[in-house]
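Colleague: What follows is the residue order along each chain.
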Amino acid sequence: MEMINRYVYAVAHRLPQGQREDIAVELRGLIEDMLDERLGDSDRTAKDIETVLLDLGNPKDLADKYRGTKKCLIGPELFDSYILVLKIVLIVVAVSIGAGFLIQTILEPFSILDHFINMIISIFTALPMAFAWTTFGFTMGEHYGGFKEKHLQNKEWQPSDLPGIPDEKGKIKRSDSIAGIVFYAIGLVFLTFSSNYFGVWVFNNKFTGVVPFLNEETYGFYLLFIIFIFGFGILKEGFKLVIGKWTYKLALFTLVINAISLTAILVMIKQANFWNPKFMNGLVESGLFAIGSEGFNIVSQLWGKLTFWLLVFLAIALIWDIVNGFIKARKTSNLMG
Amino acid sequence: MVDTNINEHLDRLLQELRRGTITLGVLSQLFEPRYGYSLVTLLNEKGIPIEPGTLYPLLRRLEKQGLLNSEWDTNEARPRKYYLLSNTGKEVYDLLVIEWKSIVTSLNNIISNGGNEKNGND
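Protein sequences, first through last, are from chains Y and R. Just so we're aligned, residue 1 is where the first sequence starts under our numbering, counting upward by one. Just so we're aligned, residue 338 is where the second sequence starts under our numbering, counting upward by one.
Treat the hints with care, since some could be wrong.
Unchecked claim - If we take Cβ atoms under 8 Å as the criterion, some of the chain R residues that face chain Y in the derived model are:
#1 ARG371
#2 GLY373
#3 TYR374
#4 PRO386
#5 PRO389
#6 TYR393
#7 PRO394
#8 ARG398
#9 ASN412
#10 LYS418
Keep in mind the hints are simulated off the structure, nothing from the lab. Think of the CB as a built atom: it goes at the ideal place given N, C-alpha and C, for glycine as much as any other residue.
Generate coordinates for the entire structure from the input sequences, incorporating the hints supplied.
Modeller: Put into structure tokens, the structure is as follows:
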């Protein structure tokens, strides 16, 4: 009896809540009927029950038949790209954390234990995060991205609905998207786990420390922005990889993502407490130059304008990405028309 | 080696063939209410083998599509779900039978006229 209950449970718990009870009762009845037929009135043994359950087959397969469809988060159309992007992201994240550990150890060999512990923590935080983001992105793509070529699935399609073969110029190189993903993943890992190394490295004969660019006290809060921006970046490159050619939809999507990222960056770096307020002091204290020296004045001016120029460069890069997308999308669609 | 290969092909094709025809067999037996396992036995006796693991989900699917109605009988010791053709089901069944007969005629024609000539197995 115990075995029967386990079998029924194994099928039922794979089914939608609303059907579970009904199917469970029916299944139990079926098993009883099968036993009756095998044995008539004689006593049933555990062996008989096992034979009957084996006849019914793997509970997973039976549940699949009851459901009619296999459930999936990411369908076969996207699955290969998903695995590819996932591999890249996970490898890059793991390798950059490892590299971070090596660099830290070379710079400060005496705190190797700390570095090692940091590395372990980073791995356990970053890998699940990378996994989750990638999966989330592809799940969204699966359910809302319209990658399923709907016009080819609908009942009345016309041969003229067939999508054009993309022009060479409109194609997005796989290597470009992959390089993009690698870039964002490395950036993400670096800014998340080694932000204290993001600054001016001071060497007085040997490595003596870093004067960080960012304000360590407020960084935890801004990190959220940064994770979002880089996460969106990976998402964008992932879509490029999947679609493989510039389309208006993709260009529009790039526009939205880049606009959001640029706004977030703008808001973030405009905040007075984003940058390290003691940056100039730190440089002086580390002995790079004295207050009032020529070096001090130059760096001080550069530091003051940093926000502005950073924004200009980012804006150019992101806007170019958008313009490029639209130009190439137009080329592909001209060809199709 | 060759034999197992032929058997594999045969099994696979036979399975596909059965899968297509099984619905017709099931519908044909449901002019009176029956529960799942009695249908398995009945169809087996009539030379249409079907696994319970295939039939039970099929019955549910047909019910969901509106071709069958169902009712639980809880009077007996063992509660059983009885299935019966709905009105739509009856109409669909009648039309399906006509289609089936025309398929059988056409295929028989093809097989007896074309198939054997080439084989020369007469």
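Colleague: If a hint holds in the structure, say so; if it does not, say that too.
Modeller: For each hint, the structure was consulted:
1. ARG371: Violated - the Cβ of R:ARG371 stays beyond 8 Å from chain Y, reaching only about 12 Å at its closest.
2. GLY373: holds (6 Å)
3. TYR374: For R:TYR374, the interface hint holds, since the closest Cβ of chain Y sits about 4 Å away, which is under 8 Å.
4. PRO386: violated (13 Å)
5. PRO389: Holds: closest Cβ of chain Y sits about 6 Å from R:PRO389, inside 8 Å.
6. TYR393: Hint holds; R:TYR393 Cβ to chain Y Cβ min 7 Å, cut 8 Å.
7. PRO394: holds (4 Å)
8. ARG398: holds (6 Å)
9. ASN412: Violated, because the Cβ-Cβ distance from R:ASN412 to chain Y comes to roughly 14 Å (cut-off 8 Å).
10. LYS418: Constraint on R:LYS418 satisfied, holds at 5 Å.
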